[in-house]
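Trainee: Here the working numbering is used: the first residue of the sequence shown is 65, the next is one more, and so on.
Just so you know, these hints were derived from the structure itself, not from any lab.
Within a straight-line C-alpha distance of at most 27 Å, the following computed DSS-like cross-link-like pairs (lysine-lysine) qualify:
#1 Lys149 / Lys175
#2 Lys134 / Lys175
#3 Lys149 / Lys134
Here are the simulated distance ranges between beta carbons:
#4 Gly197 / Ser138: 29 to 35 Å
#5 Glu77 / Arg133: 53 to 59 Å
#6 Arg133 / Pro202: 41 to 47 Å
#7 Thr110 / Ala176: 37 to 43 Å
#8 Arg189 / Leu109: 51 to 57 Å
#9 Asp191 / Gly148: 25 to 31 Å
Yeah, the Cβ is synthetic: ideal placement off N, Cα and C, and Gly gets one too.
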Amino acid sequence: MADAPNAVQLATELTVAWLSNPNARVKSEEVPAFLRSMHDAIIALTIANEQHRHVKIELKQFVPAVSVRKSLGSQDHIISLIDGKPYRTLRRHLGGHGLTPDEYRRRYGLKADYPMVAPSYRESRRDLAKKNGLGRKPR
65 MADAPNAVQL ATELTVAWLS NPNARVKSEE VPAFLRSMHD AIIALTIANE
115 QHRHVKIELK QFVPAVSVRK SLGSQDHIIS LIDGKPYRTL RRHLGGHGLT
165 PDEYRRRYGL KADYPMVAPS YRESRRDLAK KNGLGRKPR
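Full structure from sequences and hints, please.
Mentor: What follows is the structure, encoded as C-alpha coordinates:
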(Lines of atoms letter the chains of each structure in order from A and count residues from 1; the text may use other names and numbers.)
(Lines give C-alpha, C1' and ligand atoms only; values in the text may rest on other atoms or scores of the structure.)
Protein backbone atom coordinates (compact mmCIF):
# COMPACT_ATOMS: atom_id res chain seq x y z
CA MET A 1 0.00 0.00 0.00
CA ALA A 2 1.38 3.39 -0.94
CA ASP A 3 2.01 6.01 1.70
CA ALA A 4 -0.67 8.63 2.12
CA PRO A 5 0.19 12.02 0.63
CA ASN A 6 1.50 14.53 3.11
CA ALA A 7 -0.28 17.70 4.17
CA VAL A 8 1.59 19.94 1.69
CA GLN A 9 0.66 17.73 -1.26
CA LEU A 10 -3.00 17.59 -0.20
CA ALA A 11 -3.14 21.36 0.37
CA THR A 12 -1.56 21.96 -3.04
CA GLU A 13 -4.01 19.64 -4.79
CA LEU A 14 -6.97 21.28 -3.08
CA THR A 15 -5.71 24.74 -3.98
CA VAL A 16 -5.18 23.74 -7.63
CA ALA A 17 -8.69 22.28 -7.73
CA TRP A 18 -10.07 25.48 -6.25
CA LEU A 19 -8.20 27.62 -8.77
CA SER A 20 -9.30 25.46 -11.71
CA ASN A 21 -12.94 26.24 -10.94
CA PRO A 22 -14.02 28.81 -13.54
CA ASN A 23 -16.39 30.44 -11.04
CA ALA A 24 -13.60 31.18 -8.57
CA ARG A 25 -12.38 34.64 -9.40
CA VAL A 26 -9.20 34.97 -7.41
CA LYS A 27 -6.49 37.54 -7.26
CA SER A 28 -2.97 36.22 -7.24
CA GLU A 29 -2.38 37.76 -3.80
CA GLU A 30 -5.08 35.52 -2.27
CA VAL A 31 -3.56 32.21 -3.38
CA PRO A 32 -0.80 31.92 -0.72
CA ALA A 33 -3.26 32.71 2.07
CA PHE A 34 -5.68 30.09 0.77
CA LEU A 35 -2.85 27.55 0.49
CA ARG A 36 -1.84 28.25 4.12
CA SER A 37 -5.42 27.89 5.35
CA MET A 38 -5.79 24.60 3.47
CA HIS A 39 -2.54 23.31 4.96
CA ASP A 40 -3.62 24.32 8.49
CA ALA A 41 -6.99 22.63 8.03
CA ILE A 42 -5.36 19.40 6.84
CA ILE A 43 -2.93 19.42 9.77
CA ALA A 44 -5.82 19.95 12.20
CA LEU A 45 -7.75 17.07 10.65
CA THR A 46 -4.70 14.80 10.76
CA ILE A 47 -4.11 15.55 14.44
CA ALA A 48 -7.78 14.96 15.25
CA ASN A 49 -7.68 11.67 13.33
CA GLU A 50 -4.59 10.50 15.22
CA GLN A 51 -6.18 11.36 18.55
CA HIS A 52 -9.32 9.52 17.52
CA ARG A 53 -7.31 6.39 16.70
CA HIS A 54 -5.78 6.32 20.16
CA VAL A 55 -9.10 6.54 21.97
CA LYS A 56 -9.90 3.10 23.31
CA ILE A 57 -13.51 2.24 22.67
CA GLU A 58 -14.94 -0.36 24.96
CA LEU A 59 -17.61 -2.40 23.31
CA LYS A 60 -19.88 -3.98 25.84
CA GLN A 61 -20.28 -7.67 25.19
CA PHE A 62 -23.81 -8.84 25.81
CA VAL A 63 -24.16 -12.36 27.13
CA PRO A 64 -27.57 -13.92 26.46
CA ALA A 65 -29.53 -15.16 29.48
CA VAL A 66 -30.38 -18.40 27.63
CA SER A 67 -29.17 -20.04 24.44
CA VAL A 68 -30.78 -19.09 21.15
CA ARG A 69 -32.01 -22.65 20.73
CA LYS A 70 -33.68 -22.61 24.14
CA SER A 71 -35.26 -19.21 23.44
CA LEU A 72 -37.16 -20.75 20.51
CA GLY A 73 -37.87 -24.09 22.21
CA SER A 74 -41.58 -23.55 22.91
CA GLN A 75 -44.57 -22.97 20.64
CA ASP A 76 -46.30 -20.81 23.25
CA HIS A 77 -43.60 -18.27 23.98
CA ILE A 78 -40.18 -16.90 23.08
CA ILE A 79 -37.66 -16.55 25.88
CA SER A 80 -35.94 -13.18 25.94
CA LEU A 81 -32.16 -13.25 25.66
CA ILE A 82 -32.07 -10.12 27.84
CA ASP A 83 -33.69 -11.44 31.01
CA GLY A 84 -34.58 -15.08 30.32
CA LYS A 85 -38.34 -14.56 30.77
CA PRO A 86 -40.99 -15.91 28.37
CA TYR A 87 -43.02 -13.56 26.16
CA ARG A 88 -45.63 -14.11 23.46
CA THR A 89 -44.24 -11.13 21.57
CA LEU A 90 -40.91 -9.40 22.16
CA ARG A 91 -41.66 -5.99 20.65
CA ARG A 92 -43.05 -4.32 23.77
CA HIS A 93 -40.39 -5.95 25.94
CA LEU A 94 -37.63 -4.67 23.65
CA GLY A 95 -39.15 -1.17 23.62
CA GLY A 96 -38.94 -1.14 27.41
CA HIS A 97 -35.21 -1.76 27.09
CA GLY A 98 -34.81 0.90 24.38
CA LEU A 99 -34.16 -1.58 21.58
CA THR A 100 -35.64 -2.21 18.17
CA PRO A 101 -35.88 -5.76 16.82
CA ASP A 102 -32.93 -5.10 14.49
CA GLU A 103 -30.78 -3.81 17.36
CA TYR A 104 -31.75 -6.85 19.46
CA ARG A 105 -30.76 -9.19 16.63
CA ARG A 106 -27.44 -7.36 16.15
CA ARG A 107 -26.71 -7.31 19.89
CA TYR A 108 -26.91 -11.09 20.16
CA GLY A 109 -25.73 -12.00 16.66
CA LEU A 110 -29.09 -13.41 15.53
CA LYS A 111 -30.14 -13.97 11.94
CA ALA A 112 -32.46 -11.49 10.24
CA ASP A 113 -35.32 -14.01 10.27
CA TYR A 114 -35.23 -14.57 14.05
CA PRO A 115 -38.89 -14.31 15.12
CA MET A 116 -40.23 -11.64 17.46
CA VAL A 117 -43.54 -13.46 18.03
CA ALA A 118 -44.26 -16.95 19.44
CA PRO A 119 -45.45 -19.46 16.80
CA SER A 120 -48.81 -20.20 18.49
CA TYR A 121 -49.55 -16.46 18.83
CA ARG A 122 -48.66 -15.92 15.18
CA GLU A 123 -51.03 -18.75 14.17
CA SER A 124 -53.91 -17.36 16.24
CA ARG A 125 -53.41 -13.88 14.77
CA ARG A 126 -53.30 -15.32 11.25
CA ASP A 127 -56.53 -17.28 11.82
CA LEU A 128 -58.24 -14.18 13.20
CA ALA A 129 -57.17 -12.16 10.17
CA LYS A 130 -58.46 -14.82 7.77
CA LYS A 131 -61.74 -14.99 9.66
CA ASN A 132 -62.16 -11.22 9.29
CA GLY A 133 -61.40 -11.40 5.56
CA LEU A 134 -58.06 -9.66 5.59
CA GLY A 135 -55.76 -10.52 2.71
CA ARG A 136 -58.55 -11.20 0.25
CA LYS A 137 -58.91 -9.20 -2.91
CA PRO A 138 -62.09 -7.10 -3.00
CA ARG A 139 -64.76 -8.13 -5.50
